[in-house]
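Colleague: Chains as they are written, first to last, in the working numbering: chain A, 1 to 209; chain B, 1001 to 1700; chain C, 2001 to 2260.
Rather than coming from a laboratory, the hints here were simulated on the basis of the structure. Certain hints may be false.
[What the hints assert, rightly or not] Distance ranges between label pairs, derived from CB positions:
{"no.": "1", "chain 1": "A", "residue 1": "Asp30", "chain 2": "C", "residue 2": "Ser2257", "range": "40 to 46 angstroms"}
{"no.": "2", "chain 1": "A", "residue 1": "Ile45", "chain 2": "C", "residue 2": "Ala2138", "range": "28 to 34 angstroms"}
{"no.": "3", "chain 1": "B", "residue 1": "Glu1483", "chain 2": "A", "residue 2": "Val10", "range": "51 to 57 angstroms"}
{"no.": "4", "chain 1": "A", "residue 1": "Pro100", "chain 2": "B", "residue 2": "Glu1513", "range": "20 to 26 angstroms"}
Even glycine gets a Cβ: it sits at the ideal position worked out from N, Cα and C.
The chain contents come next:
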Amino acid sequence: MKSRLGRSLVTAITIGVGLLILANFFVRNDLLSLVQQTLLDWAIILAAIALILGVFNVIGTHLRKIRGRQSGWLYSIFLLAAMGAVIIVGLADPRGPASPVVSWIFQYVQIPLEATIFSLLAFFVASAAYRAFRVRSVDSFIMLVVGLIVLLGQVPIGAAIWGKLASAKDWLLSYPSTGGARGIILGAALGAVLTGLRVLLGVDRPHAQ
Amino acid sequence: MIYCPSCGTANKSGSKFCNQCGHNLTGVSKAACPACGAANPTENLFCDSCGAKLAPLVTKGSEERAEIKGLSLPTKPLDEEGQGPLDGEEMPAAQEEEASVPEDTAKEDAGLPEEGEAEEEMPEWLLRLRAASPASGEQPEESAPSETPSPEDWGEFPSEDLEEADVPEWLQQLEPAEPMPPQEEPSAPEVEEGEEALLSDVWAEEANRDQLAAEPAEPEAPAPAEEEPPALKPTEELPQQAEEAPGGIPALAQPPSDEEDLAAWLQAEGPVILEPDEGEEEEEDIVFEPRAGETEEAPDQGRLPSWIETLAPEGVLPEELGGEFVEEGRRTPEAMGLERAEIPSWLEGLRPGRPGEQMPEAEETVEESGVLQGVVGALRLVQDIDPLPSSQMRPMSEPVAATPAQANLFADLLSRPTSSVVKPRPVSAAPKRERGFAWLATLLLIAAVLLPFFATGLVPGGDTVAVPQPVSDLAERIRDLNETDVVLVSFDYDPGVSTELDWPAEVILEDLEARSVNLLVMGVTPTGPGLAARFDIPAGEALFLGYLPGQEMGLQRLASNLEGIFTVDFFSNAVSDAPFGVKSLNDVALVLTIAASQETVRWWMEQVGTQTGAPPIGAIVSAAIEPAVRPYYASGQIVGLVSGWVGAQAYEEAAGLPASEGEGGPAALEAQSLAHLAIAGLILLGNAVYWGKRLFGRRA
Amino acid sequence: MDSVIELLKNSGTSEQQALVLILLLVMLPLLLLFTSQLRAGRPTSLRPMQAFRRLEGLIGRGAETERPIHISLGTGGIIDTSTAESLAGIILLERVAHQSVSSGAPLIVTVSDPTLLPLAQETARHAWETRLHRYQSAPPEVRLIAPDPVAYAAGVMDVLLGENVIANIMVGKFGDEYLLMGETGVRSQVPQIAGGVNPQVLPFIHATADDTLIGEEIFASGAYINPRATHIASLRVQDWMRVLISIAILLGVLLRSLSL
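Could you put together the complete structure from these sequences and hints?
Modeller: Pasting the structure below:
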C-alpha cells in the first residue's frame, strides 16, 4: 500500500490485533477467547497458503535455473519431477500422506536421505573442533578441558577413563553451562519482547513502504 | 512547501508549476537524496536516511529526463492555445490530463520538445526570431530593410510587441520596478523600436548613473574601512567622491527605483582613477575621470555604455562606432589618455551597430539544429582556435638505454588487451596438509563407527550403563499405568535425527505396549506421524491422530479442545469410531514428547503444562538438548527424562526390558564411544600440531 | 514470595500474568521515554560491533567482484516464537538489499519457512524500487529452499559451493543444521557473519563464523546499520531491564537463602 491511508490502516490493524491477543492473556473473556481463536485459525490458514506460494517459488527458481543452464540444472529437473510426483500421488489418494506410496517414499527415500545428510555433522563437528579447540589463551584452554570432559563423559568409555567423568559432565552441564545459556536466553528474550513491543506500537515496520 | 526539482525554489504546497522556472510539480511526489539515493518527501530539506541536504532535489526517474536540446531554458510544451506555463495558474485541460498521467509515463515531456514538434511547442518569441532569420526564408513582419545589421535585425528578443505573458519571467525581472526618472530626449538618432529591452535597460541604467554622476555629489559617510578595493588602487588624482567610493566598476544590476536606494558609492559615483598593483604593467592606465561638460541630457539610447566606451581601444572610438555614440563635448578615450581596449573578435558580432555605420562583415553563421535552427547571428562559433601543432605536442618519452627491460615490460603490459569481465575466482584447493587431515579424520571416524559391529567388547564398560535418576523416574511413572489409562505420545522430531531417537522411542513404545495402555499418537511436526507410522503399534490400542498444525498455537487449542480438533485420524478413519475416546487432555494419564529441539519441549511446558488439571509430561530427547531440558526436570515440570542412546539403554535396564539388537544395542553404544574418543583424539592432535609448529618453527 | 503468589492467586491472576504485566508496565514507559529523549537530540553511544562494521565491506567486495552475497534468514517463520529472530534477519536484509541494489552487488536470499518468504520478497522488492540508482534489472532473488531444516541446509550448501558467493551472512533461527552450512562456508573460504539465539548453536557459530552476533546482538541490527530512535531506545531498555532482572534474581536468591 503506497498511500498514507493504506499504511495507517495496516498499522491500525496490526496494533488492534496485537492488543486483542494481549488483552485475552490478561482478561478471561469468552468473546475475547473466541476472537483470539479465530485469529489464530486464520494465521494457520495463512501459513498453509504461504506454503503453496513457496511451492511456486521453488518451481520458478528451478525453472529459471534450467532455462539458463546454470550449474546443477540437471538436479533441478530431478527436483521438480520428484516434487511433482509426490504431490500428485499424495493428492490422488484420499488417504493423503498415509497412502502406501507416499509412506514408502517417506520411509525409504526421505528418511535415509535426511539421516545421511545429518550424519555429515559428525565429520563437520570433528573438523570444527579441530579448528576451534586450539589453545591460544587461558580461555581457550578452559574451553578445551571442558569440551573433553563433556565429550568423553557422555559415553560409557568415559567411565572407563575416569569414574567421576560422568558426574563432572553432569555438573558442568547443569550449572555453568545452564547458567550461561540462561543469560543468553534472557537477553534474547528481552530483545524479542522489545521487538514485539515495537511492532505492537506500530513504530517498527521494516518491510513496509 | 514543495521544492522544485529543477531549480530548488520553494513553492507553496499544492503548486502545480514552479514559480521560478515553470517546472511541472504535479508529478513530484518524492525526492531522492543526492548522497544515498533514498526517497524523501518533497517537503524535506534533509534526508531522512543519512541527513544530507536535499537541494538541489532530483525526482524519481530523473535518468529518464528527455534530452534537452539547444538552450536550456525552462520551457514547457505549449498547449493548444500557445500559452506557456507562466500564463496563469489555471491549467488548461490538456495539461491537466498530462498532469494526471502517472509518474512513470509523464516523464517524456519533462524536457524540451523534439525537433519534429519543436515548432508547435516553441515560445512565440522564438518562433518570430526564427521567422525573421533569412535562412528560414521568411521575412520579419516589422523589420526595416537595411544593409547593415541593425538592432532590429536581431529579432524581437523580446520586442515591445510581445505581450508580457510571452516574456519569460527571468527576463521580466530585469525590467525596472518603477519608471525611470525623466530624461531629456537624446540628440543622437534613437534606437529603432525593435531594440532589445535588455540593452535598453542597461542603457537606461547607465543614463541614470551618468545623470547622477553629473549631479553634485553629497558628501556621504566614508566607506567602511574593511571594504578592500579591488586590485587596482586609486591614484592621487582621485576626486573626493572617488576617494569615498570603494572603487571598482559597478556591476550590472537592476536599476534602482529610487535615488535613496542607491548605494552611497553609486550616488557619489564618479570615475575612479585606478592604478594597477605593483608588478603589473603600468603602461596602460585606465583612468576614469568625470566627463567635462557633461550635461543632464539623457544618453542616446543607441550609444554604448560609457564603461564600454572607455574600454574601447585607442583609435576605435569614435570612428569605428560611427561617431553617433559620442556625446557632444565628450572626450574621447584618446583625449583622456586611454588606449582603446580591443574588442575580441568573437564579441565583434554582438557589437550593436549604429545607423549608417559600416559594420565589419561578420561571418554569418546559421544554426543548423536545435531550438535556434535557422537563426542567423547567434553566438558565433569561434573557428580560429588553431589546433595544437604536432610539433608542440609532448613527445613520447623515449626509453632510456640503461633500462630497456623495464621499458619493454611496460610496453608489453600496455599492449595487452584488457578484459572488463571479472572472471570468477575459483575456490582454491585447500593446502595439502588440510586435505590430509580431512582424509585422516574421515577414515578414523568411519573405522570407529564400523569396528564395534565386527568386533564387540572393544570398549570397556559398554555392556552396562548407570541408570540416571530422570530415567528411572520415567520408568517408574510408566510402570504405574494401568490398562484403561490413555497415554499421549507426540513424535516431534525430524527424519534427520531419527537414527538417534528411533531407539529410545522404540524402547518406550515397547514398554507401553507391555502395559497394554491406550495410545494417542500425534505430532506437532509434519513428519511426526509418518515417523510414528513406522513403528509396529497394535491398531486396537492406538489412535493415530496425525499432524497438529500451528505449533504452539495448535498445542494451545489442543489443551482447550482436544475433541474438536481431530475428527479424522491419520488414516482418514473417523475418530468417533475409535475403540476409545478422549474428550480433553484431562482424560490423559501421561504425555510423552519425543523431541530433538528444546523449543518443542518448551511449547509443551508453556501451553499444556500450565493448564489446570494438565497431565504429567515426560520427555525423550536427543543428547544435544538434554542440558537445556534438564532444568525442567529439576523444577518438577517434567516427571522424567530419557536422553539419546545412553538413555535408551539405561531405560531398558530400569524397565527390565531385554537389550535391543539391530538398530540399537551395545554395538551402537560402542560405536558412539569410539567416535567420541576419535574426535577427542583429533582435538588433541590438532593442538599438538599447532604447538609443535609454534615451538619448533620458532626455534628453526 | 509465597505470600505474594498466594495473593495473586486469590485475585485471579496467575503468576505468569503478573510477571508479564510487571514487565510491560516497566518496559513500555521506558521505551517511550528513551525514544522521546533520542528524538529530542540526546546523544548516545553504542559499543562498536565488528560484525556490522564488516558488513559494508562485504557488500563492497560483492559490488567489485560481481560475485553474489548470500543471506540466510534461518529456519524460523513469523507465526511462532521465532518471529523476533526472523524480523532481526529481515532488518539486516533490508539494509543489505538497499546497499546491494545501489552498488550492484548481486544478492541471494534463502529462507526455509514459507511464511517468511513473502516478507523477504517484499523487503527486497521495496529496496529495489526505492533506490533511484539501480545497477540491477530485477530485485534481489529470494528463494525458498525447503521447510525441513536439514533439506534447507543441503540447499544452502549447494548455494555456497556452486554459486561462487563472495560472502555468507546467516542471521535468524538455526538448529544443529547450522554447522552443515557454516562449515561449508569455511571450506569455501568465504567470509561469514552469523548470529543466532539458540545456545545450542552458538558454539557452532563461534567455530565457523568470522564475526558473530551472540544472542541478543542480532536484535541490535536495527540500531547499528540503519539507526532509528526506536531501535536505539530498545537497546537502552534492554540494558536497563537486564540490570533490573539481575538485581531481582540476586534479591530473590538472598531472600530464599535467608528463608524470607
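Colleague: Tell me the hint numbers this structure goes against, listed in increasing order.
Modeller: none
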